[in-house]
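In order, the protein sequences belong to chains Y and D. According to the numbering used here, the first sequence is numbered sequentially starting from 1. According to the numbering used here, the second sequence is numbered sequentially starting from 1001.
Among the hints, a few may not be true.
[What the hints assert, rightly or not] EDC-like cross-link-like pairs, simulated, lysine to aspartate or glutamate; straight-line CA separation at most 20 Å:
1. D:1034 with Y:174
2. D:1034 with Y:170
3. D:1050 with Y:162
4. D:1117 with Y:45
5. D:1115 with Y:285
6. D:1050 with Y:249
7. D:1037 with Y:46
8. D:1034 with Y:285
9. D:1054 with Y:46
10. Y:261 with D:1098
11. Y:205 with Y:249
12. Y:257 with D:1070
13. Y:66 with D:1070
14. Y:243 with Y:285
[Stated by the list, open to error] Only some residues are given here: those of chain D computed to face chain Y with a beta carbon under 10 Å:
15. 1065
16. 1131
17. 1144
Derived by calculation from the structure, the hints in this document are not laboratory data. Just so you know, even glycine gets a beta-carbon here, dropped at the ideal spot from N, CA and C.
The chain contents come next:
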Amino acid sequence: MKKLNLVFALLLLFGCSAQVANTDESRETTEVPTVVETSPVQLSDDIVAGIMQSIPSPIETSLLIKETGAAYSVSNLNDPTIVTTYNDSYRQALNLGVYSTDLGFANLYDKNQDVLNFLNSVKTLADKLNIGQFFDYKTIKELASSSGNVEKLLQLTQQNFERINSHLNDQKRENLSILILTGGWTEALYLTTLVHQKTKNKKLKEKIGEQKVALDQILLVLDFYKNKPNFPSLIADLKELQKVYNRVEIKTISTGKPVTKEVNGELVVEDATVSQINISDADVDLITSLTKSIRSKIIK
Amino acid sequence: MKNFIGKICLAFTAALLLSGAAFAQCDSEQYSQKSLKALTPGFTFVKSYKIDGKNGVRKNIEYTCVFSKDTNYMIRIQGKDGGANGIVATLYDQQRNELTTSFVSNKFYPGWTYKCKSTGIYYLLFTFKESESYCGAAVLGFRR
């Protein structure tokens, strides 16, 4: 049964050869809770890299937080001065992810001094992990030294992390890639829950709920490295979070086919589906406290 | 004799150059940079995608994406054949229904903007159509 569940999850994820005929009729689908269980089924390196590539960037969440009008508070972010306390590759990779989200967050709010502080932390950890050469520290520092370069800064940092991931994949060190992604994702979720606690913003609540999809992806990959040191405790913590997320329902209602129009020589496509994210206030509270606890373990 | 050895050397060099061309590496990075420049202002860059068809050996290159509701996603493609020529980006939903494609009415568009209203997993498939280089890259940007 466990095998069947995993195979079903993979079929959903990669589609395999299953074809569903297009139809104009309205349809309603509810996401089937993805169960990630311990299983002897092995994923290939390419599939693992593919799942990692699919995990959304924390910048999407960070931008939503800013758009809600939430004030910037550096005290919500990890302390950049404690970077030297992370002295094994497991914690270094996780916190590289945490600091990268914080760097993006400070970038969005154009907080130049904080950008430079987080940049130093990122650089320190990247050097310790022997991936510092992929981080264009000099250019980012120059851009961060003056205001108004937010877009360029976001672009460059994002590209640098892509190069880091690509290098780690080439070197068969994907276990570090997934830790960086997990750290970054956890920090973004933590910040979202923190702001939601204060504002009760509906969009942030939905954003918290829709992280169900990303968490399932992250756990699929982490499970692949479950025999690596420290991974079992991280997986166990995230599976506790997943238990709450399994109650979150993402309902999709379709009313037909999407409509494509040419607007000023550009193709613009209107989605013909609408999704509804059903998450109770009690579950948001549980996710908030569990995320805080997982994040505390990561940054301690 | 010298002439003969010279011809052999020349033939050997030519063969090496030709084999090099046949198995030319695809430098996706430069096309990724070009695609990035083509991203409409207001869209924030999130990911880049290598489109390396390995000189025609790989016909399809597929990526899985997680899209969020109430977000516009823009794809921009650039390839070695010039602009988006020879490369088609097609988006599918989780049930493998085709949502859109960048090749419409016999024309290669530089990409598309998908106004997403449903959170979930999507598939982004890059295919080659009458391509000579089988090489390029694409970037994804988002805007709410």
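Results of checking the hints against the structure:
no.	hint	in the structure
1	D:1034 with Y:174	violated (28 Å)
2	D:1034 with Y:170	violated (24 Å)
3	D:1050 with Y:162	holds (11 Å)
4	D:1117 with Y:45	violated (32 Å)
5	D:1115 with Y:285	violated (31 Å)
6	D:1050 with Y:249	violated (34 Å)
7	D:1037 with Y:46	violated (29 Å)
8	D:1034 with Y:285	violated (44 Å)
9	D:1054 with Y:46	holds (16 Å)
10	Y:261 with D:1098	holds (15 Å)
11	Y:205 with Y:249	holds (13 Å)
12	Y:257 with D:1070	holds (17 Å)
13	Y:66 with D:1070	holds (16 Å)
14	Y:243 with Y:285	holds (14 Å)
15	1065	holds (6 Å)
16	1131	violated (20 Å)
17	1144	holds (7 Å)
Hint compliance for this structure: hints 1, 2, 4, 5, 6, 7, 8, 16 are not met, and every other hint is.
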